[in-house]
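2 protein chains.
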Amino acid sequence: MRKYTEMTREERLEEYAAVKAAYEGQKACGLKLDMSRGKPGREQLDLVTDMANVLLQPEDFVSDGIDSRNYGNVEGLPAARRLFADILGCRPEQCFVGGSASLQLMYDAIARAYTYGALHSERPWSKLDTVRWICPAPGYDRHFKISQSFGMEMIAVPMTPDGPDMDRVEELVKDPAVKGMWNVPKYSNPEGVVYSDETIRRLASMQPAAPDFMLMWDNAYCVHEFDAPFRPFDDILSLCEQYGNGDMIYEFASTSKITFPGAGVSVMATSEANLAYLKPIINVQIISYDKVNQLRHVKYLQDREHTLALMRRHAEILRPKFRAVLDALDREIAPLEIAEYRRPVGGYFVSLNAMPGTAKRTLQLCKEAGVTMTGAGATYPYGVDPNDTNIRIAPSLPPVEELEQAVAIFCNCLKLSALEKLGL
Amino acid sequence: MRKYTEMTREERLEEYAAVKAAYEGQKACGLKLDMSRGKPGREQLDLVTDMANVLLQPEDFVSDGIDSRNYGNVEGLPAARRLFADILGCRPEQCFVGGSASLQLMYDAIARAYTYGALHSERPWSKLDTVRWICPAPGYDRHFKISQSFGMEMIAVPMTPDGPDMDRVEELVKDPAVKGMWNVPKYSNPEGVVYSDETIRRLASMQPAAPDFMLMWDNAYCVHEFDAPFRPFDDILSLCEQYGNGDMIYEFASTSKITFPGAGVSVMATSEANLAYLKPIINVQIISYDKVNQLRHVKYLQDREHTLALMRRHAEILRPKFRAVLDALDREIAPLEIAEYRRPVGGYFVSLNAMPGTAKRTLQLCKEAGVTMTGAGATYPYGVDPNDTNIRIAPSLPPVEELEQAVAIFCNCLKLSALEKLGL
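Protein chains in written order, with the working numbering: chain E, 168 to 591; chain X, 168 to 591.
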């Protein structure tokens, strides 16, 4: 296989005709495949459905003397706080256990800063002219949507193999209007980057001008290796505390990709001072989150070790899917030098940078052949990828055979758009 | 028994000494009883714990072709929307089924009006100088807390046996700064008043000056009779629609007092136009609420008829508790003419108006004898009852024997504070 950039125009025309013919054949199959979101597949759901059997008799529902079936304990069941503290390495007193969605906890954390202000805010953010927010990019589209919905000015900071460009971040936080930053520190969405120890230390020790800076730490994939042994991580809460930044950090996690997506349990871990400030405010909104589901998770997941064992079984299901995608890319795309990508070992995505200016076109071609991917640009603030290059692939939902078909189509779409770009 | 107001000072002194002695005896028992919140009792929780057994095998989790265990359907499972539409008498398309707390749906509905504005808002409410809100009083403290937390100017409107004073309400809505109103239309909290047809018609047909007026219709006790046959109610959504007010109405309900308090399912029913406007905004906050719990409820409750049958079993448990309270009041308090109350037949509370200026003192005496009641004033905006008269009694949690002890103490506290007020 020859690199496309080294081909003559004639060779490219020939290649285009061949690839186009193959693509038209694929299109005729009438495939309908969704690779747009990080949804676990059916096999993963079945794997954990035993969870439904752990709470059956009235006496099962009592934990630490608390009847999980009744109102109360807005901060979550003590046993659920202990479980998450075990997983995250922090203290139970720092864990606020919520409902089925960590996204809701993140949105609400920011909404409260807007309406009431955070612990160290001078005034509610809704009373400020400008709120700026640091967005490592490519990043998670739903994070950016939250920032956008509150009218924040989002500042994209490039991702490196070690995490966000810290020189840039340290410069930006000197602006008191910069009120926070999104992070997915382990197996970042979409690139699967793990923040280096040095990056994490620099983040924990930075001195933002805003006294109410929120370091949003979405540890969505904290135990989510699919092709590597579990990689331990330091407790970000105590690290921030060491640097006098204890009230700056808000860590989030959930069991959405451990048990049921959208029917699991979520957590916000932050300083006890923050929780003392936030609890009465949260209590205006809700008497208590679903403690029955919290207890169901406690009984099913038990502790960190037992959770890690379950994650190894998820990995068995996910690994062949990621390999199917990555192997096809290695085989079909790498030699052509028309795209760059990493081989992630955890998380839920493969991130690929196509030839600049071809991401949208590639996904349009995919769609025409029945393969839906995350919209181009979604991984950038405001949905605009300045170089039109980044594509997020979510291999978790389809079965391997369908995935192989889909990625074969995707490879051809990458080739076609690259050839078009190079000129025909 | 003689009325206290007709006693001479000497007779009152004698009575006071006798009641005081009885009270001191009760105090010495060291009782510790919580009648502060409308928490269902243990027997009611056990009654519905079978619900945990309806979803066990992977195939149980699929409904209308949707796997409830995975992400998606932010508006709720179609079957859950149908269930609530059946109970409320509206259309499934008007139902947004949420998480375990209708309070959260109410809070979030108002929070969105603040941050983004409602469908017909000219601007987000956070950008307005003043937002006023109509609060029928006595009312539900948690409603008032929401209003207060957003800095609203709350306007108390007196409750009548037919619902809020409508002459006053119709006058108030002429002010464009009046943006909404709280309502518990059936078995109001705390009085157990059922809004009359005429009140409901006047509410549905009013012409508020604010184009984005929110008629908050907390139908918390829509199927919650404990001492009467089920009382049907008209669909408030179509009634508002008839008067051209379709987008003004937001109805809320939940299964918190049908299945598990705080681990049930909630609903917001509103116009399809409102939902079309709100859905993308809600989707920024959450991918989907817990559909597994929604499906669990659908399978367990089935439909309106089956739900009503379950409510009759709850009534069997609640009736003796309410009767214990009301019978004691009839026996001990009514003849003295020192308090007024109604005999509710549904809902979760008994509301009592003590002699003006004695509510706080009565509850302080209760507390000293180990009986915790809802704080005096809580049933009024800002927690201030201008006449210091209203007391909310929540008889649902304690077993009947404990309740009898508690209400005996309460009666003595009422007597003592009345005698103190009359002068000793």
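Please keep in mind that the hints were generated in silico from the structure rather than gathered at the bench. You may find that some hints are simply not true.
Identical chains share a label here; the pair holds if one copy fits it or two copies do between them.
In silico lysine-lysine, BS3-like type, Cα no more than 27 angstroms apart, as pairs [what the hints assert, rightly or not]: (1) K199 with K170; (2) K446 with K312; (3) K294 with K199; (4) K199 with K446.
Bear in mind the structure is a predicted one, so any value in this text is a computation, not a measurement.
Here is how each hint holds up against the structure:
| no. | hint | result |
| --- | --- | --- |
| 1 | K199 with K170 | neither (31 angstroms within a copy, 81 angstroms between copies) |
| 2 | K446 with K312 | both (25 angstroms within a copy, 14 angstroms between copies) |
| 3 | K294 with K199 | neither (47 angstroms within a copy, 46 angstroms between copies) |
| 4 | K199 with K446 | between (46 angstroms within a copy, 26 angstroms between copies) |
Of the numbered hints given earlier, the model fails hints 1 and 3; all others are met.
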